[in-house]
Amino acid sequence: MPLVNGGKIVDDGYVKLAVDTPLPEGGDILVPAERFIAEADALLKRPGKVGVIWPNNRDIDEVVPYLGKVAAVALVFPTFRDGRAYSQARLLRERYNYRGELRATGQILRDQFVFMLRAGFDSFEVKKQADAEAFMQTAKRYSVFYQPTGDGRITALHRRMQLRHSEGVGT
Amino acid sequence: MYAYDEIDRTLVNERVSEFRDQVKRRLSGELTEDEFKLLRLQNGVYLQLHAYMFRVAIPYGTLATNQLRALAHVARKYDRGYGHFTTRQNIQFNWIKLAELPDALEDLAKVGIHAMQTSGNNMRNVTSDQWAGVAPGEIEDPRIWSELIRQHTTLHPEFSFLPRKFKIAITASDHDRAAIKIHDIGLRLVKNEKGETGFEVLVGGGLGRTPFIAKTIKHFVHGRDILSYIEAILRVYNQYGRRDNIYKARIKILVHELGIEKFSREVEEEWQHIRNSSLQIDDEVIEDIRSRFTYPAYEKLPHMPDELRQAAADPDFEAWRKNSVAPHKVQGYSIVTISLKPIGKPPGDATAEQMDALADLADIYSFGEIRVGHEQNLALPHVAKRDLPALWKALDKLGLATPNVNLITDIIACPGLDYCSLANARSIPIAQELSRRFANHELANLIGRLHINISGCINACGHHHVGHIGILGVEKNGEEVYQITIGGRADEGAALGTLIGPGVKFDEVADVIEDVVEAYLALRERPEELFMDTVKRLGVEPFKERVYATR
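Heads up: the sequence lines are chains A and B, in that order.
Sequential numbering of the first sequence, starting at 14, is according to my numbering.
Sequential numbering of the second sequence, starting at 306, is according to my numbering.
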């Protein structure tokens, strides 16, 4: 499954651990929430980056104390129809100012990219190779956005205000 | 009228080009039907019994004449020459070909019409009072706020994959023509003691398998906070709404399971985090939207022009005027409702020819504006009273002057088993038969205001729960069976109807309804007592006795 990060297809440096996989000596690891919470101290002490895979039905508040310590949070879309992780993503970015890697995992198709970028995701485990390759093109599909989100894209309402004021100055 | 600017147009065009790409990928097999399904639904495309059905949004029910002509064009070029107006200010085309859909959307985009989020588990078309901006006594034009919310809900990055569909309706009049109490969020525009605009917010209304009337969650949310408050509701719903069972996924179930107090506490807590954010709307933004709604330059006209006085001698004109013409906030003008319920025809249908001709009439008589109401009728919102007789004659020629607005033949019905893949029973033929039974205008007039609503399955697209008389078609042992309720209503006094007895067969429905009406005529205290009021006064029992005594 190709990983898109920073707009490009990249190698995934993380190894995903299951609940019971023995902990590797070194290297970067992605750990399920349950195990992460139980073994946080030990996990964070070892060399290598640690990321956590957070399910979409678990309260995102629980991960907040660790946000300064983890390198990645992976949120889950069990199917692309299930949009709970969009709310979790915005909360992490906008309320808790999380600045590390925010990864979308699960059934990730190109038709969700724009929504995900706007919600704060910057890393995508894309289901299909063709979708991963089309990432940049798809991400640029829209130039107009009606809602303010933490991604900083200017909204239609504000662009209108800017136009209004610049017209006012010009005439 | 709201005029799109370059920004709005760009977004709609970007959406069309995205959908064109999605259709292409579907046709080439790159997208599976399961993947494509959700994408097409987000663009108003259903797969029905015989073909794809295409649902186009008419936000808050306002159409310009070039837009109505574009809908006529789509009906003619891509469909079978007609369209069907729905109970949520949408129009549906029933025979569209998938490969041609992007072209149809592109043609509509040219006049600022789209089909975004007219289906799927996202925020649907924002609906409002079809008399917005012209109804006497209205607090303020609710379409300004409807448009603000329409923009905010369009391609929302957080709420486009909700547990289930989500519908918002807004009213600004005491008499609720937008049926806000059967919506996921209902907004009633109010002023506070300082004269500032805000909303009473209702939540958790909806029909379907488990009907609920919406409850008030907050008595006053200031206009500047309305987007953040809606966002707070949606955020709670998106995270905690049920996704395990499609029939329990609407917000009404979450509100019911948590209780309105707990639900409102959750919303309040979320709202406090986001109310002072960039979601707060300043007056300038509202003024900008307001400035793009244009209002007609009304003339100073007499209250009772000679033309109207003379036409009053014609009983046919008077019959039509009495139920189709309503007072306007400006003296000398009227609001004219156009019945799409001709006797014996499917409710809510209009042909391409009718749409084009109506657009011409709206240009002549209604400052180029048409409205669409949830009762599946149209309206011309600014008709000078002196023009009423001429307009009536023109409408009559088009088959659009049936004098039955708000009468028993002004039936609301879903497409039912004739089109819909979800339906268990036919709706349209029932509506047609009832319409023929009560075709006599004197009889219909004698009965007075009476709304019949028909749904062909439990999903309740015909809003049967809130019909004065509700008819629900179900399937029982391979047969169509119809359950009949009375006492429902969708307005400010919204209530769910009560079942009056065992279900009846297709052939018996019209007889039973006739008996219900006869019972009413016998039971009412005086001719002015409307069906609704008799049911309210006496309850269901006397109706049950009379209707089922001989069955």
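A few of these clues could be false.
Stated by the list, open to error - Footprint (simulated), chain B over chain A, 3 or more residues, beta carbon under 8 Å:
hint, stretch
1, 95-105
2, 154-162
3, 165-173
What the hints assert, rightly or not - In silico BS3-like cross-links for lysine-lysine, where the CA-CA straight-line distance does not exceed 25 Å:
hint, chain 1, residue 1, chain 2, residue 2
4, B, Lys-690, B, Lys-627
5, A, Lys-141, B, Lys-810
6, B, Lys-415, A, Lys-140
7, B, Lys-329, A, Lys-153
8, B, Lys-702, B, Lys-627
9, A, Lys-141, B, Lys-342
10, B, Lys-523, B, Lys-470
11, B, Lys-690, B, Lys-650
12, B, Lys-650, B, Lys-702
13, B, Lys-520, B, Lys-496
14, A, Lys-153, A, Lys-141
15, B, Lys-496, B, Lys-553
16, B, Lys-650, B, Lys-634
17, B, Lys-342, B, Lys-329
18, B, Lys-382, A, Lys-153
19, B, Lys-650, A, Lys-153
20, A, Lys-62, A, Lys-21
21, B, Lys-567, B, Lys-553
22, A, Lys-140, B, Lys-329
23, A, Lys-29, A, Lys-140
24, B, Lys-496, B, Lys-470
What the hints assert, rightly or not - Cβ-Cβ distance ranges computed for the label pairs, FRET-style:
hint, chain 1, residue 1, chain 2, residue 2, range
25, A, Pro-68, B, Pro-441, 53 to 59 Å
26, B, Lys-329, A, Ile-22, 19 to 25 Å
27, A, Thr-92, B, Glu-411, 43 to 49 Å
28, B, His-578, A, Pro-68, 53 to 59 Å
29, B, His-561, A, Pro-78, 51 to 57 Å
30, B, Glu-780, A, Pro-68, 16 to 22 Å
31, A, Lys-29, B, Thr-803, 55 to 61 Å
32, A, Ser-156, B, His-480, 57 to 63 Å
33, B, Asp-310, A, Leu-57, 48 to 54 Å
Since the hints were derived computationally from the structure, they do not count as laboratory data.
Idealized CB from N, CA, C, for every residue including glycine.
Okay, the hints, checked on the actual structure:
Only residues whose C-beta sits within less than 8 Å of a C-beta in chain B count toward coverage, and the stretch 95-105 of chain A has 7 of them, enough to reach three; the restraint holds. Residue count for the stretch 154-162 of chain A with a Cβ under 8 Å from a Cβ of chain B: 9. That meets the three needed, and the coverage hint holds. Counting residues of the stretch 165-173 of chain A whose beta carbon lies closer than 8 Å to any beta carbon of chain B gives 5, which reaches the threshold of three, so the coverage claim holds. For the suggested pair Lys-690 (chain B) and Lys-627 (chain B), the alpha carbons sit about 13 Å apart, so the restraint of at most 25 Å is met.
With a C-alpha separation of about 52 Å, the suggested pair Lys-141 (chain A) and Lys-810 (chain B) falls outside the 25 Å cut-off, and the hint is violated. Between Lys-415 (chain B) and Lys-140 (chain A), the direct Cα distance comes to roughly 35 Å. Violation of the 25 Å bound is thereby established for this hinted pair. Restraint check for Lys-329 (chain B) and Lys-153 (chain A): satisfied, since their Cα atoms lie roughly 19 Å apart, inside the 25 Å limit. With a CA separation close to 19 Å, the supplied pair Lys-702 (chain B) and Lys-627 (chain B) stays within the 25 Å bound.
Pair hint Lys-141 (chain A) plus Lys-342 (chain B) holds up; C-alpha atoms about 18 Å apart against a cutoff of 25 Å. Between Lys-523 (chain B) and Lys-470 (chain B) the alpha-carbon distance is near 22 Å, which keeps this suggested pair within the 25 Å criterion. Only pairs whose Cα atoms come within 25 Å are accepted, and Lys-690 (chain B) paired with Lys-650 (chain B) is rejected, the gap being roughly 29 Å. Distance hint between Lys-650 (chain B) and Lys-702 (chain B) is fulfilled; the C-alpha atoms sit about 16 Å from each other, no more than 25 Å.
Taken as a hint, the Lys-520 (chain B) and Lys-496 (chain B) pair is honoured in the structure, with Cα atoms around 20 Å apart against an allowance of 25 Å. The straight-line distance between the Cα atoms of Lys-153 (chain A) and Lys-141 (chain A) is roughly 19 Å, inside the 25 Å bound, and the hint therefore holds. For the suggested pair Lys-496 (chain B) and Lys-553 (chain B), the alpha carbons sit about 35 Å apart, so the restraint of at most 25 Å is broken. Distance hint between Lys-650 (chain B) and Lys-634 (chain B) is unfulfilled; the C-alpha atoms sit about 33 Å from each other, more than 25 Å.
For the suggested pair Lys-342 (chain B) and Lys-329 (chain B), the alpha carbons sit about 14 Å apart, so the restraint of at most 25 Å is met. For the proposed pair Lys-382 (chain B) and Lys-153 (chain A), the alpha carbon gap of about 32 Å is over 25 Å, so the pair is violated. Using a Cα cut-off of 25 Å, the hinted pair Lys-650 (chain B) and Lys-153 (chain A) is violated, with the two alpha carbons roughly 48 Å apart. For the proposed pair Lys-62 (chain A) and Lys-21 (chain A), the alpha carbon gap of about 21 Å is at most 25 Å, so the pair holds.
For the hint linking Lys-567 (chain B) to Lys-553 (chain B), the alpha-carbon distance of about 18 Å falls within 25 Å, and the restraint holds. A hinted pair counts as satisfied when its Cα atoms are at most 25 Å apart, and Lys-140 (chain A) with Lys-329 (chain B) qualifies at roughly 19 Å. Using a Cα cut-off of 25 Å, the hinted pair Lys-29 (chain A) and Lys-140 (chain A) holds, with the two alpha carbons roughly 16 Å apart. For the proposed pair Lys-496 (chain B) and Lys-470 (chain B), the alpha carbon gap of about 30 Å is over 25 Å, so the pair is violated.
Between Pro-68 (chain A) and Pro-441 (chain B) the Cβ separation comes to about 54 Å, which falls inside the hinted range of 53 to 59 Å. Distance hint check for Lys-329 (chain B) and Ile-22 (chain A): the Cβ-Cβ separation is about 23 Å, which falls inside the suggested range of 19 to 25 Å. Between Thr-92 (chain A) and Glu-411 (chain B) the beta carbon distance is about 30 Å. The supplied range of 43 to 49 Å is therefore violated. One distance hint, 53 to 59 Å for the beta-carbon pair His-578 (chain B) and Pro-68 (chain A), is violated here, with the actual separation near 22 Å.
Checked against the hint of 51 to 57 Å, the pair His-561 (chain B) and Pro-78 (chain A) fails, with Cβ atoms roughly 34 Å apart. At about 39 Å, the CB distance of Glu-780 (chain B) to Pro-68 (chain A) disagrees with the hint of 16 to 22 Å. At about 56 Å, the beta-carbon gap between Lys-29 (chain A) and Thr-803 (chain B) stays in the expected band of 55 to 61 Å. The hinted range of 57 to 63 Å is not satisfied by Ser-156 (chain A) and His-480 (chain B), whose Cβ atoms lie roughly 42 Å apart.
In this structure the supplied range 48 to 54 Å holds for Asp-310 (chain B) paired with Leu-57 (chain A), their Cβ-Cβ distance being about 51 Å.
The structure fails to meet hints 5, 6, 11, 15, 16, 18, 19, 24, 27, 28, 29, 30, 32 from the earlier list, while all remaining hints are met.
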